[in-house]
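Colleague: From first to last, the protein sequence lines stand for chains D and V.
FYI, the numbering for the first sequence is 1 to 309, going by this note's numbering.
FYI, the numbering for the second sequence is 310 to 592, going by this note's numbering.
It should be emphasised that the hints constitute simulated quantities derived from the structure, not laboratory data.
Glycine residues also receive a C-beta, built at the ideal position from the N, C-alpha and C atoms.
The reader is advised that the hints may include incorrect statements.
To be clear about the criterion: a stretch of chain V counts as covered by chain D if any three or more of its residues have a C-beta under 8 angstroms from a C-beta of chain D, and this derived list gives those stretches [as the list claims (entries may be wrong)]: (1) 413-423; (2) 431-444; (3) 478-486; (4) 500-510.
Calculated pairs, EDC-like style, for lysine to aspartate or glutamate (alpha carbon to alpha carbon, straight line, at most 16 angstroms) [claimed, not checked]: (5) V:Lys336 / D:Asp229; (6) D:Lys292 / D:Glu244; (7) D:Lys9 / D:Asp67; (8) V:Lys336 / D:Glu96; (9) D:Lys267 / D:Glu234; (10) D:Lys172 / D:Glu201; (11) D:Lys72 / V:Glu507; (12) V:Lys505 / D:Glu86; (13) V:Lys346 / D:Glu91; (14) D:Lys292 / D:Glu200; (15) V:Lys421 / D:Glu86.
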Amino acid sequence: MNDSLLLLKDISYSYGKVKALDGVNLLLTPGVYGLLGPNGAGKSTLMKLLLGFLPFQTGEGSLLGCDVRREKALLRRRVGYMPEGECLVPEMSGVEVTAYLGELSGMEGTEAMKRAHEVLYYVGFGEERYRKAATYSTGMKQKLKLAQAIVHDPPLLFLDEPTSGMDPQGRKELLELVREMAALKRMSILFSTHLLPDVEETCDRVIVLHRGRVLATEALSVLRERNGDAVEIETVGPREPLLERLAREGCRSAAMEGERVRVVLPKGLPPSRIWTLAGEADTPLRRFQPVKSTLEELFLELLEKSDGN
Amino acid sequence: MEIRETGYIPWQGTLQESGWRGWPIFKHGVITVFQRKKAKLLFAFAALPFLIFAVAVYASLRPELRMMTHMVKELSSDLSIFHTFYTNNFLLFTLAILALFSGGDAVALDRKHNAFPLLFARPLSRFDYLTGKFSYILFYILLFSLVPGLLLLTIKVVFSGSLSLSLRLVFAALVYPLAPALLFGSLTLGFSSVTKNEHVAKVSIFGFYVASNILSNIVLPGRLFTRSNLGFLSLQQNLKRFGNLLFGFGGEPAWKGLLAILIIFFWSGLALWIAYRRIGKEG
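Take these sequences, add in the hints, and give me the full structure.
Modeller: So, in structure tokens, the structure goes:
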């Protein structure tokens with residue numbers, strides 16, 4: 001499929017006896033994807049395989065039309081990677097790091113230096129770009145890592161835990177940059193994180209990995225729709241009669257802060273049904289507020305279903 | 310730090326697809342080493358043999374200074390002058406110091422700061438990385454061995470007014486500097502790749518050089534070993550023996566010179582193999 005961003009067929013990978021990826025099949029079109037999964041789900045292994053850091057054990061794949069197994073150099077020219085954790089040489093300044101890595105990507109020296117200034121300015125560096133990386137805060141280091149990943153203007157960007165360790169303001173700024181790049185629709189993004197709100201803010205589609213398997217690859221809106229509506233309610237008086245009736249209709253409910261209860265309706269059941277059931281149970285409602293299911297709830301539900309199976 | 314008002318600007322250029330990928334590493338390495346605090350002092354120190362031998366070459370060519378050639382046996386012939394220049398203890402020691410100064414941190418620093426994922430996410434292979442690092446160490450070693458050798462040859466041609474140089478002299482002057490460059494460069498890379506601490510790498514390179522000399526100088530009384538045979542343990546002695554073979558000095562059989570270069574190749578090969586294995590699998 002020529003217009004596909006990523007196509008993986010039956011990818012498995014084991015570290016000794018531990019299976020990190022187990023028969024992964026993926027077909028992604030260009031877009032912004034959140035790669036979700038608990039620790040040990042296989043997110044990092046998948047990224048490392050796609051970048052060619054790990055050899056393929058089974059299966060095959062193509063990324064941006066390049067054979068992931070055989071065209072490593074070509075692929076790496078077209079991909080930007082922002083690794084997790086410390087990886088910057090502190091003796092180098094921001095502009096040196098960015099220009100140096102730009103040149104390693106295949107940019108001509110002067111052009112790499114010019115572009116380094118441009119992208120550093122874009123991510124929010126002023127005169128700081130001439131300072132050594134050792135003097136940077138965590139937020140600045142993360143932004144520098146983002147700048148080096150986009151210096152050669154790649155069509156695909158891998159972000160591995162990009163907001164890790166950042167303060168709220170820095171996190172907000174970085175997510176704003178990612179959203180802006182995503183909005184241009186020039187660059188596809190694979191955003192690996194365990195911070196679900198980050199994905200909610202930036203991505204339109206998610207890939208959920210669990211125990212080396214892909215549980216879902218869907219647009220966030222579809223995932224929400226599939227999981228039905230949710231309503232927060234508060235009753236006057238005892239709420240148990242109403243909750244029993246709701247349970248019989250297939251609703252799931254969870255106690256929230258104070259007297260509030262979150263009710264997740266099964267697909268096809270309109271929220272107005274809660275009023276009817278409240279009337280039948282003789283339980284007046286003090287609060288009735290339709291809410292969107294958070295990604296966290298959807299994510300946990302997927303994991304629960306998977307564990308149940 | 311405020312985010313810039315202007316949005317993301319796409320890059321309009323094209324990426325180079327051919328050429329040596331280690332070039333940016335070489336360029337960055339040369340500049341970084343040159344900018345180090347003590348670099349100029351070390352370079353001045355390393356240039357001393359050249360200055361002394363430039364005077365020697367000049368003296369050997371002036372009739373009024375001919376008497377000096379009778380007093381200093383190293384001035385007796387061109388081969389002797391160049392042999393002494395290349396194989397003197399001071400120059401060899403300085404080249405070893407230059408190697409550890411320029412490349413002691415070459416791989417260690419990248420390992421220490423976990424920079425491999427950042428580097429190898431680029432179209433860079435382990436081979437490109439290694440040759441890039443190796444090349445700038447070689448650059449500095451050759452800058453103070455091969456380049457002065459060529460300058461000495463030029464001085465000789467200029468002051469003698471004749472282009473008639475012995476073929477052996479030219480060949481030896483061009484080939485010999487490659488041996489210390491290969492040996493010190495590869496050992497530096499090897500040691501730098503086995504530790505994350507650049508200081509440990511530098512001390513190890515220095516220690517290995519000095520220890521090999523000390524070990525070879527220990528005279529063990531016995532039937533199996535003689536001082537001459539133990540010389541093969543010494544990096545310095547092997548370089549000297551190879552020099553003796555190329556310049557035709559020392560009165561030693563040719564096999565000793567050949568064995569010396571084989572030993573140099575062995576150490577270099579081993580060090581480069583270790584470095585290659587230690588560099589991240591990402592490449």
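Colleague: Against each hint, give a clear statement of whether it holds in the structure.
Modeller: Cross-check of the supplied hints:
1. 413-423: Our answer is that it holds, as 4 residues pass the Cβ test (under 8 angstroms) against chain D, meeting three.
2. 431-444: Since three or more residues must qualify, the claim that chain D covers the stretch 431-444 of chain V holds, with 4 doing so at under 8 angstroms.
3. 478-486: Since 0 is below three, the answer is violated.
4. 500-510: It is violated: at least three residues are needed, and the stretch 500-510 of chain V offers just 0 whose Cβ sits closer than 8 angstroms to chain D.
5. V:Lys336 / D:Asp229: Violated, at about 60 angstroms.
6. D:Lys292 / D:Glu244: Roughly 23 angstroms separates the two Cα atoms, so the pair is violated.
7. D:Lys9 / D:Asp67: Holds, because 12 angstroms separates the two Cα atoms, which is no more than 16 angstroms.
8. V:Lys336 / D:Glu96: Judged against 16 angstroms, a Cα distance of about 12 angstroms means the pair holds.
9. D:Lys267 / D:Glu234: 22 angstroms, violated
10. D:Lys172 / D:Glu201: 10 angstroms, holds
11. D:Lys72 / V:Glu507: It is violated: about 31 angstroms lies between the C-alpha atoms, which goes past 16 angstroms.
12. V:Lys505 / D:Glu86: Holds: Lys505 of chain V and Glu86 of chain D sit about 14 angstroms apart, inside 16 angstroms.
13. V:Lys346 / D:Glu91: Holds. Lys346 of chain V to Glu91 of chain D sits at ~13 angstroms (cutoff 16 angstroms).
14. D:Lys292 / D:Glu200: Distance of about 12 angstroms is within 16 angstroms: holds.
15. V:Lys421 / D:Glu86: 10 angstroms, holds
Consistency with the previously given hints fails for numbers 3, 4, 5, 6, 9 and 11, ordered from lowest to highest.
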